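Here's the letter readout for the chains.
2 protein chains.
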Amino acid sequence: MASPLRVGVIGLGTMGAPMARNLAKAGFRLSVATRTAAKAEALAAEIGGEAKAFERFSEVGRRCDALVTCLPDAPEVEAALFGPSGAAEGLASGAIVIDCSTIAAESARAFAARLFARGVFLLDAPVSGGQKGAIEGTLTFFVGGEAAALERARPVFEAMGKRVTHLGPSGAGQLGKATNQILVAGNLMALSEAMAFAAKVGLPLPALHEALTGGAANSWALEVLGKKMIARDFAPAFAIKHQQKDLAILLRTAREKGVPLPGAALVHQLLSALEAQGKGDEGTQALLTLYERLGRA
Amino acid sequence: MASPLRVGVIGLGTMGAPMARNLAKAGFRLSVATRTAAKAEALAAEIGGEAKAFERFSEVGRRCDALVTCLPDAPEVEAALFGPSGAAEGLASGAIVIDCSTIAAESARAFAARLFARGVFLLDAPVSGGQKGAIEGTLTFFVGGEAAALERARPVFEAMGKRVTHLGPSGAGQLGKATNQILVAGNLMALSEAMAFAAKVGLPLPALHEALTGGAANSWALEVLGKKMIARDFAPAFAIKHQQKDLAILLRTAREKGVPLPGAALVHQLLSALEAQGKGDEGTQALLTLYERLGRA
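Quick mapping for you: the protein sequence lines, in order, are chains B and U. Numbering-wise (the numbering used here), the first sequence opens with residue 1 and increments by one. Numbering-wise (the numbering used here), the second sequence opens with residue 1 and increments by one.
Here chain B stands alone, though its shape is the one from the complex (with noise of 0.2 Å):
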């Protein structure tokens, strides 16, 4: 294309703010906004050259081809997009929103409907990897909506990750990052069951964990949780209350296709007596500490 597309980003969070940063390293013309605009304010100023915050979410979507939303749920996604003075008021038809949010297959569909009404694409985008792979623009995108409104906002993608996969229609993306939750969480789990288990039995748990990563019990989430486990690190790189949001997504979803998963849900339980016991804010890891109240003192 001629001139590079004008990027927005709404939400500026743990995963907006380094994806943001990524969009303006790579050379695009950024607009940001965020609910508190002292906080897109202090971000374009960081970023410098030519991004600029705004106080409204219109002002962003008049003044860009793509529209990247990172938000925590779809309420908030519904109110960036539809609410007073929202996103959708400005952007102009052929515009494409490009939404990273972990939300409902169903309210993507939905989201992209009426702004296909608008002449404007969605592609539901959620994302994994991380914070750390935000910061390093490794992010994993899982993609539903158009082909070709991808295509036109791949430049955008591969500033922010390094998988981009199209899985099918709107909805699509959403339903691939709530498979990849399903791996995670039932992942977390056996990992926490080893790491128990291993600890109460008395074996050494540094060589223990050398040897597991060796064969068929690898998985990132030994690799990388169990090692904060050992160290009895438990701040959170993903918090049990986002996971817990996921998984709820996740459950209502496979219960309305007819899909049982009691792995899942016996995870989204333990994370909710983590949750009573007031850590929803650690890291999912902290799930060991559940199995360590459960078994013999």
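Some hints here could point you the wrong way.
[To be verified] Within a straight-line C-alpha distance of at most 27 Å, the following computed DSSO-like cross-link-like pairs (lysine-lysine) qualify:
| hint | chain 1 | residue 1 | chain 2 | residue 2 |
| --- | --- | --- | --- | --- |
| 1 | B | K257 | U | K227 |
| 2 | U | K162 | B | K228 |
| 3 | U | K162 | B | K257 |
[As the list claims (entries may be wrong)] So these bits of chain B aren't anywhere near chain U, every CB distance computed over 10 Å:
| hint | residue |
| --- | --- |
| 4 | G49 |
| 5 | E55 |
| 6 | A92 |
| 7 | A110 |
| 8 | A117 |
| 9 | F142 |
| 10 | R154 |
| 11 | G168 |
| 12 | E210 |
| 13 | A239 |
| 14 | S272 |
| 15 | E282 |
| 16 | R296 |
No lab work stands behind these hints, which were simulated from the structure alone. As the structure is a prediction and not an experimental result, all values here were calculated from the model. The beta-carbon is built from N, C-alpha and C at its ideal position, and this holds for glycine as well.
Got chain B sorted already, so can you dock chain U onto it with the hints?
Relative to the frame of chain B, chain U by itself:
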């Protein structure tokens, strides 16, 4: 040492036979035996050189400094070592038994004590890596027992595997393997739920599989068993009935130690449903088919 160790192998099944071949390749003088004498003779003939087959386990014991046993469960290990014409009758003081069978830690400790009374050392050394690891000589060994005995037997281990981890006194190797099986079983359940969900909601499985392996959802199970599920290849690399034996041992031990493992218990019950359907000889990845039967047709 002046002359290389003379090595015996008892149990020439899926694991024992390829391990014996690798020991012969590494130059050890082999004596082999198994329940079916003809099978031992065929293997010795195939290996050639100085390899010899014997009908009585005591004759193998008499001819080795290190005895490798690869048997289905504790009763078979007990019979091979302590039954009529068992290996213990032949083993000289100072000999080392390397038991690669997966059995309960308490059985390993009991066998070690009985052998120690005769001046013989037992290393419990269950493996991870499956038939493929046994053939390629890339097994991981979880070892319990005397560190000095392990050092003396190290060349024997190195002929069969690539990681040898000493985890503590007698029984510690079995406890390490049990920890391994918690992870293997839990990751299998998460994978089965993920693939059943993704298929039911209509996602393109090969593209999704590739996206999932790039991030926090990845595991050995996803990479290896996930591909088999997509290909609908349910042939056993690790059969359901063997996973069930290991989980039964694990859950008994966990209860004794006071570590409740609801996730591992759930996998055990789900696999038990497959056994009830006559699928105990299929590979563990056939757990996918149970989820398919559970859900909406």
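Status of the hints after comparison with the structure:
Between K257/B and K227/U, the direct Cα distance comes to roughly 23 Å. Compliance with the 27 Å bound is thereby established for this hinted pair. Distance restraint check for K162/U and K228/B: the Cα-Cα separation of roughly 26 Å lies within the 27 Å cut-off, and the hinted pair is therefore satisfied. Restraint check: the Cα-Cα separation between K162/U and K257/B comes to about 45 Å, which exceeds 27 Å; the hinted pair is violated. For G49/B, the non-interface assignment is confirmed: its Cβ lies about 31 Å from the closest Cβ of chain U, beyond the 10 Å cut-off.
Every CB of chain U lies more than 10 Å from the CB of E55/B, the least distance being 35 Å, so the non-interface label holds. With a minimum CB-CB distance of about 31 Å to chain U, A92/B clears the 10 Å threshold, and the non-interface call stands. Non-interface status of A110/B relative to chain U is upheld: no Cβ of that chain comes within 10 Å, the nearest being about 17 Å off. Once the 10 Å rule is applied to beta carbons, A117/B is consistent with being away from chain U; the minimum gap is 25 Å.
For F142/B, the condition that its CB be more than 10 Å from all CB atoms of chain U is violated, with the nearest at approximately 6 Å. Listed as outside the interface, R154/B is consistent with that label: its C-beta sits roughly 15 Å from the nearest C-beta of chain U, beyond the 10 Å cut-off. Against the 10 Å criterion, G168/B falls within the reach of chain U, whose nearest CB is about 7 Å from its own CB. Non-interface call for E210/B relative to chain U: violated, since the shortest CB-CB distance, roughly 7 Å, does not exceed 10 Å.
No Cβ of chain U approaches the Cβ of A239/B within 10 Å, the least distance being about 14 Å, so the stated non-interface status holds. With a least CB separation of 13 Å from chain U, S272/B remains clear of the 10 Å interface cut-off, as annotated. At roughly 17 Å, the least C-beta separation between E282/B and chain U is larger than 10 Å, which holds for a residue marked as non-interface. Interface exclusion of R296/B from chain U breaks down, the closest Cβ pair being 3 Å apart, not more than 10 Å.
Consistency with the previously given hints fails for numbers 3, 9, 11, 12, 16, ordered from lowest to highest.
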